[in-house]
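Could you put the whole structure together from the sequences, leaning on the hints where they help?
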Amino acid sequence: MKKKPILGNHKKEGKKLIPPLLSFNMQPRSYVQDSIPEIIWIAVIIKKEGLELGTSLAVEFVEIVNSCIVKDELPYFTSWYSSLSDEEIKIIIKKLKEKHIYDVMKRDLQDFLNVYPQSPFSKIFKSTRLTKANINFVKSIINELFDKRSWLSTFSLGNIMYFLNTLGKLHVVENSVLAEFPKLVDYPNTEISKMIASSVRATSNILLSSEKLKNEKWISEFWNQGFKLEPCIIKL
Amino acid sequence: MKKINISKVIDNYIAQIKSELEERWNLWDKDLTKSHVYEVIGGVLSRQTSFAIQFAKNPNIWNGEIAPILLRSMADNHINLAWILKNPSQHSEEFITHGLGQLKLELEHRKQKMQEDGISVKDNPYLQAEEDFINSQRYSFLTEVNLGSWSGSSTRKMAEEANLIDFYNYVYQPFSNCTHSTWGHISKYNNTPSRNPFHKFLRHPEILDFYPDFFFLELAAKYLAKSFILFDESFLLNIDEPKSFKTLQIELQKIVDENNEA
Numbered sequence: 017m018k019k020k021p022i023l024g025n026h027k028k029e030g031k032k033l034i035p036p037l038l039s040f041n042m043q044p045r046s047y048v049q050d051s052i053p054e055i056i057w058i059a060v061i062i063k064k065e066g067l068e069l070g071t072s073l074a075v076e077f078v079e080i081v082n083s084c085i086v087k088d089e090l091p092y093f094t095s096w097y098s099s100l101s102d103e104e105i106k107i108i109i110k111k112l113k114e115k116h117i118y119d120v121m122k123r124d125l126q127d128f129l130n131v132y133p134q135s136p137f138s139k140i141f142k143s144t145r146l147t148k149a150n151i152n153f154v155k156s157i158i159n160e161l162f163d164k165r166s167w168l169s170t171f172s173l174g175n176i177m178y179f180l181n182t183l184g185k186l187h188v189v190e191n192s193v194l195a196e197f198p199k200l201v202d203y204p205n206t207e208i209s210k211m212i213a214s215s216v217r218a219t220s221n222i223l224l225s226s227e228k229l230k231n232e233k234w235i236s237e238f239w240n241q242g243f244k245l246e247p248c249i250i251k252l
Numbered sequence: 025m026k027k028i029n030i031s032k033v034i035d036n037y038i039a040q041i042k043s044e045l046e047e048r049w050n051l052w053d054k055d056l057t058k059s060h061v062y063e064v065i066g067g068v069l070s071r072q073t074s075f076a077i078q079f080a081k082n083p084n085i086w087n088g089e090i091a092p093i094l095l096r097s098m099a100d101n102h103i104n105l106a107w108i109l110k111n112p113s114q115h116s117e118e119f120i121t122h123g124l125g126q127l128k129l130e131l132e133h134r135k136q137k138m139q140e141d142g143i144s145v146k147d148n149p150y151l152q153a154e155e156d157f158i159n160s161q162r163y164s165f166l167t168e169v170n171l172g173s174w175s176g177s178s179t180r181k182m183a184e185e186a187n188l189i190d191f192y193n194y195v196y197q198p199f200s201n202c203t204h205s206t207w208g209h210i211s212k213y214n215n216t217p218s219r220n221p222f223h224k225f226l227r228h229p230e231i232l233d234f235y236p237d238f239f240f241l242e243l244a245a246k247y248l249a250k251s252f253i254l255f256d257e258s259f260l261l262n263i264d265e266p267k268s269f270k271t272l273q274i275e276l277q278k279i280v281d282e283n284n285e286a
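Protein chains in written order, with our numbering: chain A, 17 to 252; chain B, 25 to 286.
No wet-lab data here; the hints were simulated from the structure. C-beta: ideal position from N, C-alpha, C; glycine also. The hints are all genuine.
Reference listing, derived: stretches of chain B covered by chain A, where coverage requires no fewer than 3 residues with Cβ under 8 Å from a Cβ of chain A:
#, stretch
1, 48 to 58
2, 130 to 136
3, 163 to 176
As structure tokens, then:
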């Protein structure tokens with residue numbers, strides 16, 4: 017019997033064997049590097065308030081910001097807030113205070129704000145003195161977000177879909193798995209919730225791509241700030 | 025044959041090169057959005073240091089039969105470093121992609137062999153661990169396999185472009201004879217002409233006894249020092265020149281002198 021060639025589904029280009037997905041111009045992107053800095057604020061709020069209250073708070077926040085400022089992209093990712101003018105910031109703060117969510121958002125985001133005083137959110141909510149507890153809390157959040165399939169990652173990414181849907185920017189095709197979005201709440205205990213989570217992850221790849229968000233500055237600040245606070249010092 | 029104790033010299037040398045690697049890594053400013061650069065260059069320097077440590081700890085390999093195998097790997101590693109430093113981001117990326125591709129290819133070969141031998145590849149812990157290792161860096165289904173050299177050039181060409189052609193000619197190439205067990209090496213180390221005129225100089229197998237030669241240890245230390253200096257020149261750290269090689273030379277010379285006097 018003729019031996020099946022190794023990696024027979026790969027395309028040979030010179031001395032390289034190219035996997036089928038790369039042949040379709042699908043480039044690998046790093047969820048860890050590019051997405052965590054953008055979704056961490058949602059994860060922090062969920063962690064502080066729990067899923068139900070945290071989601072309500074985050075949605076209300078995004079709705080208020082969106083009602084104040086109109087941009088091409090919706091305000092679901094951290095770096096969206098980096099280009100706000102002083103005037104726009106004043107308007108957002110005023111509105112958040114009127115709706116009585118300014119203080120609760122500030123309280124929930126305090127660890128994050130203190131660890132990342134240069135974060136785009138610091139224009140709206142001021143940071144205070146950094147403590148070891150702030151650092152430990154943020155480290156624990158990042159640790160959970162490293163796993164894209166973790167409960168916290170799934171609901172942080174799921175919140176983005178929920179924002180877009182609430183703001184009328186996400187139209188779900190009938191019969192698609194996302195049409196059953198509310199069943200995500202059971203993740204990871206049911207098959208349907210796992211299917212929805214998978215769909216959320218796939219969609220978030222597009223919604224959080226660096227090409228779309230043009231967020232190199234914040235990504236660099238985010239990762240290098242943690243590294244500055246706790247450098248990787250070796251002792252051999 | 026006289027016995028001498030060099031363990032203190034060796035221990036000092038090892039401590040010193042570990043500290044030199046540590047110092048370089050710890051003082052090096054890093055941008056975490058380009059982790060691949062630090063991982064590759066730090067890894068190559070760590071490999072070079074580890075070579076020197078293993079070399080220093082094993083006097084039984086300080087001979088022309090075995091030492092060049094490791095020294096050639098050190099030379100290879102040094103040429104890689106020089107080439108990577110020419111364009112750290114792109115070349116580090118290529119180095120990683122090639123390395124992961126080789127792991128993926130190795131894994132596919134193993135899977136095929138297991139299937140041919142009637143062994144199930146499903147839920148095999150070894151295969152799973154290997155696959156997970158590759159996936160932790162880049163999904164294996166998105167990893168290309170490069171059957172050529174990692175840089176796309178020969179080692180000679182890389183050395184030439186990194187201004188190391190002399191190093192290539194005088195170090196890498198001669199030591200390749202030993203590494204590849206060519207006639208150039210075998211005829212010197214593994215057989216010898218018969219002294220019997222009836223045998224018409226027939227070369228017959230021979231197993232030589234070797235005694236540790238400091239020369240080879242010094243070479244390993246020298247190549248590590250070269251790599252540290254190359255790194256220092258590239259990143260302009262506020263750091264002293266590595267002293268471990270010179271210290272080792274002085275200490276070894278002292279031992280030689282003391283024993284010649286005795």
